[in-house]
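A.B. asks: Sequence:
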Amino acid sequence: MVDAGRTLVPISFVAEALGAQVKWDGTIQTVTITKGGSVLRLTIGQETAYKEGAPLSLDVPLKLIGGRAMVPLLFVAEAFGADVKWDEETWTVNITSQAQSEGGQRETAPSSTVGARSEVEWFLEAL
28 MVDAGRTLVP ISFVAEALGA QVKWDGTIQT VTITKGGSVL RLTIGQETAY KEGAPLSLDV
88 PLKLIGGRAM VPLLFVAEAF GADVKWDEET WTVNITSQAQ SEGGQRETAP SSTVGARSEV
148 EWFLEAL
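Quick note: to get the numbering used here, add 27 to the position in the sequence shown (first position is 1).
Any given hint could be a false lead.
Below, in silico cross-link-like pairs of lysine-lysine (BS3-like), each with a Cα-Cα straight-line distance of 30 Å or less [unchecked claim]:
{"hint": "1", "residue 1": "K112", "residue 2": "K50"}
{"hint": "2", "residue 1": "K112", "residue 2": "K62"}
{"hint": "3", "residue 1": "K50", "residue 2": "K90"}
Honestly, the hints are just simulated from the structure, not real lab data.
Kindly generate the complete structure, drawing on both the sequences and the hints.
C.D. replies: Below you can see the structure in the form of structure tokens.
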């Protein structure tokens, strides 16, 4: 789904692909994403999310569509330090997160790379 020029995807799909855990609190309509020591909180309809308690602005607020929490793809990926690349030629979105190696160096984590033929096709396949 595209809203205001931003591709919205199911938040659990992207977060879990990046190795994060997702919890939903329906009472306050808030999603909490945890990865390592980082915690990101987003609330349905709000244009402000909170990472470690610090506010972050979203271009498009978190939306509840068909029972799924939908978030701008770029926002969640970048909030956890992932690198997002768009390949115009192949219409592919590639998201690569960084993992800490045992020696302290940062390396690309192969299991944290998500790609698709196009932003729209990627979203539809995720449903």
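A.B. asks: Taking the hints in turn, state whether each one holds.
C.D. replies: Status of each hint after checking the structure:
Under the criterion of a C-alpha separation no larger than 30 Å, the hint pairing K112 with K50 is consistent with the structure, at around 27 Å. With a C-alpha separation of about 21 Å, the suggested pair K112 and K62 falls inside the 30 Å cut-off, and the hint holds. The hinted pair formed by K50 and K90 meets the criterion: a straight-line CA distance of about 15 Å does not exceed 30 Å.
In terms of the numbered hints stated before, the structure departs from none.
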